[in-house]
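Just need the whole structure built from these sequences, with the hints factored in.
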Amino acid sequence: MQLQDAYRGVIRSDPPDGLLDLIANLDLKLTSRTVASGAAFRDELMATLPALRTYAQSIAGNAARADDLVQEALLRAWANQDRFVPGTRLKAWLFTILRNQFYSECRRYRREIEDVDGAIANQLVAPAPQEHGSDLRVVLSRMEQLPAPQREALLLVGAQGLTYEAAAEVLGCQTGTVKSRVSRARAYLHEHLEARSTLAMT
1 MQLQDAYRGV
11 IRSDPPDGLL
21 DLIANLDLKL
31 TSRTVASGAA
41 FRDELMATLP
51 ALRTYAQSIA
61 GNAARADDLV
71 QEALLRAWAN
81 QDRFVPGTRL
91 KAWLFTILRN
101 QFYSECRRYR
111 REIEDVDGAI
121 ANQLVAPAPQ
131 EHGSDLRVVL
141 SRMEQLPAPQ
151 REALLLVGAQ
161 GLTYEAAAEV
171 LGCQTGTVKS
181 RVSRARAYLH
191 EHLEARSTLA
201 MT
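Be aware that the sequence shown starts at 1, since it is given in full-length UniProt numbering, and climbs by one per residue.
Be aware that one or more of the hints could be misleading.
What follows is a list of derived Cβ distance ranges for each label pair [unchecked claim]:
#1 Arg83 x Cys173: 19 to 29 Å
#2 Ala187 x Asp43: 38 to 48 Å
#3 Thr163 x Pro86: 14 to 24 Å
#4 Gly161 x Gly61: 18 to 28 Å
#5 Gln145 x Lys179: 13 to 23 Å
#6 Arg108 x Pro147: 20 to 30 Å
#7 Gly176 x Thr88: 15 to 25 Å
#8 Asn80 x Arg108: 19 to 29 Å
#9 Ala79 x Glu194: 45 to 55 Å
#10 Pro86 x His192: 39 to 49 Å
#11 Ala148 x Pro50: 20 to 30 Å
#12 Ala187 x Leu75: 31 to 41 Å
#13 Ser104 x Ser141: 21 to 31 Å
Simulated crosslink set (EDC-like; lysine to aspartate or glutamate; CA at most 16 Å straight-line) [unchecked claim]:
#14 Lys91 x Asp43
#15 Lys91 x Glu144
#16 Lys179 x Glu165
#17 Lys91 x Glu169
If you're looking for bench data, these hints aren't it; they were derived computationally from the structure.
C-beta atoms are modelled at their ideal positions from N, C-alpha and C, and glycine is treated no differently.
So this is what it looks like as structure tokens:
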């Protein structure tokens, strides 16, 4: 619940001008094509935009880079909408596109600049701490100590509210693996936050 509260600020914020321009361009393409199915797909994309932005913020750790990832994901989804099967999980499909783009950029960047101990590829973080209360800052700082696979699984299930099955689609692993990662992440947070609470009371 704390994680979901943390991301509501991002969800409520207005999209940046770049995203608004992109949306306007999609509308122009729809007008010229007048395809009903395209309009329906566009509406579904826009409905998923807040969640997509919060997910990008989680993995990029930088608002500008997150918005770039969202724009790229929207463009790729639009260009490949014929590959999307109506009735399936659009959010999971979009998250997968965005995640693949993020890690592709990390690999490309790592080839250009030495990435000591995978620090760049392991930069899954949460939103800027100044936007949240002190208790939540502690939770977010502890989350940064988690291994990237556990942190990402926890963000997808805990913050984004995806089912274990949908998170498994995004991460490209088995549902049981996601459950295990989330369980270990929660256990770690519970142990360390409980210890902090006990120290604060003494």
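Inset, instruction - Determine which of the earlier numbered hints do not hold for this structure and return their numbers in increasing order. - result: Violated: hint 15 alone.
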